[in-house]
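J.: Here are the chains, one letter per residue:
There are 4 protein chains.
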Amino acid sequence: MSIHEECGVFGLFSPRPIDAANTVCYGLHALQHRGQESCGIVCNDDGVFVSHKDLGLVGDVFSAEVLKAFPPCSIAVGHVRYATTGAGNRSNCQPLEVNHQKGSMAIAHNGNLSNADALRDELELSGAIFHTTSDTETIAYLVTRERLSAPSIEEALARTMGSLEGAYSLIVMSAQKLVCARDPRGFHPLCIGQTPDGTCIVASESCALCAVGATFVRDVEPGEIVIFGPNGVKSDRRRCKTKPLTICSFEHIYFARPDSVIDGVSVHSARVESGRILARTHPVEADVVVGVPDSGLDAALGYSEESGIAYRMGLIKNKYVGRTFIAPSQDERLDKVRIKLSAIAETVRGKRIVLVDDSIVRGTTSARIVALLREAGAAEVHLRISAPPFLHACYYGTDVDSEENLVARGRTAEEIAQIIGADSLGYLPIESLDAITGGKGCCRACFDGNYPTPIPANTKKNRFETKLGEKNR
Amino acid sequence: MSIHEECGVFGLFSPRPIDAANTVCYGLHALQHRGQESCGIVCNDDGVFVSHKDLGLVGDVFSAEVLKAFPPCSIAVGHVRYATTGAGNRSNCQPLEVNHQKGSMAIAHNGNLSNADALRDELELSGAIFHTTSDTETIAYLVTRERLSAPSIEEALARTMGSLEGAYSLIVMSAQKLVCARDPRGFHPLCIGQTPDGTCIVASESCALCAVGATFVRDVEPGEIVIFGPNGVKSDRRRCKTKPLTICSFEHIYFARPDSVIDGVSVHSARVESGRILARTHPVEADVVVGVPDSGLDAALGYSEESGIAYRMGLIKNKYVGRTFIAPSQDERLDKVRIKLSAIAETVRGKRIVLVDDSIVRGTTSARIVALLREAGAAEVHLRISAPPFLHACYYGTDVDSEENLVARGRTAEEIAQIIGADSLGYLPIESLDAITGGKGCCRACFDGNYPTPIPANTKKNRFETKLGEKNR
Amino acid sequence: MSIHEECGVFGLFSPRPIDAANTVCYGLHALQHRGQESCGIVCNDDGVFVSHKDLGLVGDVFSAEVLKAFPPCSIAVGHVRYATTGAGNRSNCQPLEVNHQKGSMAIAHNGNLSNADALRDELELSGAIFHTTSDTETIAYLVTRERLSAPSIEEALARTMGSLEGAYSLIVMSAQKLVCARDPRGFHPLCIGQTPDGTCIVASESCALCAVGATFVRDVEPGEIVIFGPNGVKSDRRRCKTKPLTICSFEHIYFARPDSVIDGVSVHSARVESGRILARTHPVEADVVVGVPDSGLDAALGYSEESGIAYRMGLIKNKYVGRTFIAPSQDERLDKVRIKLSAIAETVRGKRIVLVDDSIVRGTTSARIVALLREAGAAEVHLRISAPPFLHACYYGTDVDSEENLVARGRTAEEIAQIIGADSLGYLPIESLDAITGGKGCCRACFDGNYPTPIPANTKKNRFETKLGEKNR
Amino acid sequence: MSIHEECGVFGLFSPRPIDAANTVCYGLHALQHRGQESCGIVCNDDGVFVSHKDLGLVGDVFSAEVLKAFPPCSIAVGHVRYATTGAGNRSNCQPLEVNHQKGSMAIAHNGNLSNADALRDELELSGAIFHTTSDTETIAYLVTRERLSAPSIEEALARTMGSLEGAYSLIVMSAQKLVCARDPRGFHPLCIGQTPDGTCIVASESCALCAVGATFVRDVEPGEIVIFGPNGVKSDRRRCKTKPLTICSFEHIYFARPDSVIDGVSVHSARVESGRILARTHPVEADVVVGVPDSGLDAALGYSEESGIAYRMGLIKNKYVGRTFIAPSQDERLDKVRIKLSAIAETVRGKRIVLVDDSIVRGTTSARIVALLREAGAAEVHLRISAPPFLHACYYGTDVDSEENLVARGRTAEEIAQIIGADSLGYLPIESLDAITGGKGCCRACFDGNYPTPIPANTKKNRFETKLGEKNR
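Each protein sequence line maps, in turn, to chains A, B, C and D.
To convert, note that position 186 of the first sequence is 186 in the UniProt record's numbering; the numbers rise steadily by one, no gaps.
To convert, note that position 359 of the second sequence is 359 in the UniProt record's numbering; the numbers rise steadily by one, no gaps.
To convert, note that position 410 of the third sequence is 410 in the UniProt record's numbering; the numbers rise steadily by one, no gaps.
To convert, note that position 463 of the fourth sequence is 463 in the UniProt record's numbering; the numbers rise steadily by one, no gaps.
Derived from the structure by calculation, the hints contain no laboratory data.
Any given hint might turn out to be false.
Unchecked claim - Label-pair ranges, simulated between beta-carbon atoms:
#1 Thr215/A <-> Gly162/B: 58 to 64 Å
#2 Asp60/D <-> Ser235/A: 44 to 50 Å
#3 Arg16/D <-> Ile430/A: 50 to 56 Å
#4 Thr412/B <-> Ser235/C: 50 to 56 Å
#5 Lys68/D <-> Pro72/B: 41 to 47 Å
The beta carbon of each residue, even a glycine, is placed where N, CA and C say it ideally should be.
For reference, chain A alone in the conformation it holds in the complex (with noise of 0.2 Å):
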């Protein structure tokens, strides 16, 4: 069990045929960091889609060879996933195509619903078939549903807004436009910007918009609906202010890019601002300051300046291991953190480290970190989170739907500094999350169990193959 983020998107509308495959692509490189299980682009050659998904990095699944193969195109969207099912399931990859009654629709999701269920339920009643087990699925029916009166699709995807509840960053591609919608509370981010020669962008992170050479242009409101097309861009805000804002607060926390701006607030600046509250709030007398590589480091950066204490680089990162899969051997010195991340003597030797992390789910990875600092020769190791204890599962979009394993569950900040072999460990207070995520509201469920919606009843993340094999026994 790990955090994880499930899910990236990236769209493009563009006054005239590009090479949009390419640039979709560039875009998906730099939304890795948000899915790296599958990817897929989708293309809109004059109404007919053309498109290409698999499992894999985006590196290799869109090879130079698989990329010319697409034609050059106005309109396209694509996206990144990260999925727990096997190795052989190709189904759930997105963007999700599918035509309907008026033509073709890709759409393209990040988040979850917390009412999934329910809406699945009523859509099978009245003779749906489902061919994923993805929430998106069941937006998309429900969108091309109500799109059978609605005038367009964007007036089909406001009407269906009105019985989602939970997190969802969307883009829809039909024949003619490019449409994003954020959901009014906001989980996920959503921003547009705009490249020199005219094409628009539409990205869940703004580090994707830098990635293909177009200029920030501003956030996607939570509730709001942006249509790209022939008649320009318009915006539907009907659906804004119609729910308290709780954005999710880890992703300022951990998933996204210290360079991207979300809402205004820079991720970076977010976390050089959680080290100086934490070398506030969890003072401590130390030669130099150390992060984890890489998600630590801002924090670090952050205490170091506060405290006063040195900043260096005590821990490295192997940039070739990756996701790469490790024979397990019997031998226990091959272990996974010591190929993954090693310790940098000279830094560490006879010294008392402040050790700033982001988080700590079972405590294991932490204990081993805390391990090779000793081994290479720190006289103390202080942990410091850049998070509040972590104790609640989420059920908007990240990838921790059980609470069993959390080492911080029922043990205070000593306890589990014990068991992770620290000589301190300190938490950042929750009461600063507001602070560091721009004060607007934030979701926080994770940390202290308040669900902004109704939680489902079923929250395991395979909750669909287990109700199939109920209804089929």
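Starting from the structure of chain A, add chains B, C and D where the hints point.
T.: Same frame as chain A, but now just chains B, C and D:
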């Protein structure tokens, strides 16, 4: 362009969990000649469907490792498919799996509906969305909609059959049952067998029964639905005899394997008989009879027996070349026919040859084979074709959707012989088709243009793709 | 254990640069039956060797993309190989390329030396190092050492042949020449052809000449060296007639393709003749003659002709199964023979059958084929084998290095018939081998144990690996 | 053109059979930065060598399945390699395995001989044949020839070292021993470690010791041979101190991993020190110091500390892009640098920046990084390079074999700054190299052209290929 069968289906229902995926895999191996582009198996693990589908031959897609991953099951269904769509397109792989209000369903289909367009339009108007462009999804929708009110899957299927027109040999798997059906005209074959341990088998051809150690029980009757469930085997014949029989004559002539028996007629015997008829209707003075391997050999033997001219091996086939692509070369001597077929000079040199093949499509391959024999020293080459001249497109499941390039259109046998370089050419008389196929009524539309059903307005294989393009434009 | 040819070789020499890799590829396709484990092509681009070699069939290893990467060349050599070593071992792929004092050399070899061990020992004592475990590297060493003093590559090869004992059909490519040689006993075939545009071809079998549009010119004589160079074609016959001819009789019986002609004898005719002899020496009252496809068909036709009993198709082969692995299953009904071969019941039912095959090794496959016919209703099955009983190992290039498990050892034909389940069994009389192979002298060691050369002390295929293990221990 | 280390080596000798392949695999993961084109492992199973080598990263080549196939062993050797030859060329993969008169030998080599040509010529004149074009085969030949008379592998190696000139860090495995050696000038690193259970480890860098849970014991001395055998560990120092030390300064500046310690000097500390020196020799008034990740970060920290200017994260690296190819696009905004690196605007906007990187080769990448910072709002960009200007080719194992395109040739720092677009540019003074590398003597040939050995006449990487072409023509 060439003639292709489009699909083969295989299903099993066992009183107890068996090594179902392995058994289906053996069955699909025996049906591989009916489709080489993609294949798939769906097993039913007590209500949970486990599947694997991919582009490629059965032996490549179903490695030992893949097969081992399937659990023991008592119900399973498999499919082999020929498809013209590009290499990256896996979404049309069958069996199709859908989830609906009453549970899961997997469906494997051989054939083509002639009213698919109209049915699809109707469904879309009521809000249906389509992931694929195959008729199978249309059938799946209709069945699940009927299922909302029907008391059972078989009743839903029986009701659905009232609106289907065209060719379909279907195997449907629900959580608890295996249901198979054959269209009332009986276009394509479907038969039932049983293994010594009581497992019931359904397969496109009887050769697949032998491959899994099963004994042939009977053909599924045209229009019949056979249900294998926890309460035994049942038959629903309400659709039987509602339409005249139009069994596809190309199954006997070309598609089916010689060791199969279709509707009581041995394919091998039918082909030998066609050779005998050719000998009587197109006699010639000659020294040896040579068949084009593999599909012309049976008829060649018949010609030899009837004419008394010695049967000889004059051509051999390179069994390793298969479907592998060989780079085009500027060098004209390097041609594909030469690498796939070669003449045995000892048999051919100085001889007057009766060359027997099963069909002529564009004529180019036949011309090269005749040239091969002449190079090897043949004195005369008299070509005999064990089918009537091929003149019209087929809309019921074979892969000739265009009449362009058919060498026989608008030409006499003499003219064709000249194009091909043969000394004479004789076709099977169209009147003989009944004698060959058993006399119950056969479809000869591809020879005489008399289609047993209304012809669809748009008959191209990619009609859905084209239509979508138009809709979207 | 089964009988396998180990290699096929192919070379060309053209007066001007041609699409050489493509031509070799076509030739190797036609020789694929001589080796399916690995293949390779080396082209000579004006002194620079360009090569591609890998495990796999010719069609898989030489994709259009790979072939396109080869430059136009006027000299080239190729090889197909059967090898028992593991899938990861590419180092034994041929043609072997080496660089030596006088330049580069590529060498392709079919056969096995019987004095390889002694030669290798000698070379090692003078400081040679070996990268592979094949005889070919030993030959390469000897030739390059001779080349230090010899005025030409062909002279070096001629001198080397003085110390080689055993079977070798060689093609050697230097910067400017293509040189081929055949051992003085003529174990394995090697022939020369020419295309209309003047390209000279050397190939293991004449079927490969036809495949590239070349005409057969003549066989390379046992002991002859033929040199194709800038100054035309030369022949060195100093090693001819230095030893009695012992042409491998299994080439005619089993290995070679029926459309090949070896040393003036048509392989197809030889097999038909073996069937005629069987009909005379082992007559039986029966209704039909059935050959085991593909290699028993020619002899079955001969048996039919001589006996007057009708030739029929009683067994068909699944052309798609090939070498793909099928997972072992606990279910005994799922056996490999059943998926590869099936009986045509219409031919077999109630009939007394003469079943003709080319060999019996362990007897298990024969037993299953007999069972298949009986299941299909055969009244009697009389097995006739178009070779004498197989009793001894071969040290000259076929893959039977052990006598264990040979069912014929120590058993009479009656005993074997009983084991296999046949009603009677008749083998080709060993005296007939001369009649079949042309009467110039053939090796019949695998039938009678009279080896034409001293037998190596250690005859196992992996003798070098074993020896190294001992040396190292 | 870019700067590349060419190889990394790893070996182990254990008192008892262990999971050797796994251990070597972990070690190679830690050395992956020294070569990403191919890798290999050879294990010694009681005298029988078992190996796997292929093109690709360690994690791709050594899957769990491949690793499981290795037996437990007590001696093993591995190699990672950077090579420019084409994708199809596996023959240069190391470790090289050869069989010779005294048994088997595997050899892994890091470095380049400067007298390889002469040695190879000599060997060829005595009848040697070469399969590869690497120096390693030359060394293997020399060692095995000496071994014919030498009483042991280590004695053969010691004698061989008398004729080798240039750079070599070698690991040689025989049936019973692991022997390692480093050239007397000590160009490239090689060190020894030990695990708690007594397994001896030899590796190119100390970071690989940590990766397998071993403790650093000592560096192999320049010129030293260390022998691990059944009778314990021995050292042969006869070649030590026979030549002046010329330790490669690029190891500290660029190649080695920051957590490695080479000849007593921490790579991380050396880089921090180079940053300090830059701050003193090229001071500038600025707001923040930003390092180019990953290799410029250490020196940036040093610059910050010495100058007192704040260290900040201004650039982040996309950790997923790696070596995957992205299709070239006509769209100029889609460039590779932009997808690999991005600026953190919050850090950069309106700031005067000291940008620290480790080298400038052609200048194009540096120019794009500077542009990236300016786009993000940087007020000034002052580039500082932690190495002297790179002016000359290297013949000792790094991959710059040509001086063409080196932007620093014939240009002043000001001119280069202008080309790159930087406000100022400062290089590390060449006099500081001693301070950074430990002061024992370093090779600075790539900076000042003073080569410690005679330069080979033909220095191109593919010199053997070229020479062969000439010989053959």
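J.: Compare the structure with each hint and give your call.
T.: The hints, checked one at a time:
A beta carbon spacing of about 60 Å between Thr215/A and Gly162/B agrees with the range 58 to 64 Å that was offered as a hint. With their beta carbons about 46 Å apart, Asp60/D and Ser235/A fall inside the hinted range of 44 to 50 Å. Distance hint check: the CB atoms of Arg16/D and Ile430/A are about 53 Å apart, consistent with the given range 50 to 56 Å. Between Thr412/B and Ser235/C the Cβ separation comes to about 55 Å, which falls inside the hinted range of 50 to 56 Å.
Between Lys68/D and Pro72/B the CB atoms are about 26 Å apart, so this pair departs from the stated range of 41 to 47 Å.
Hint compliance for this structure: hint 5 is the single one not met.
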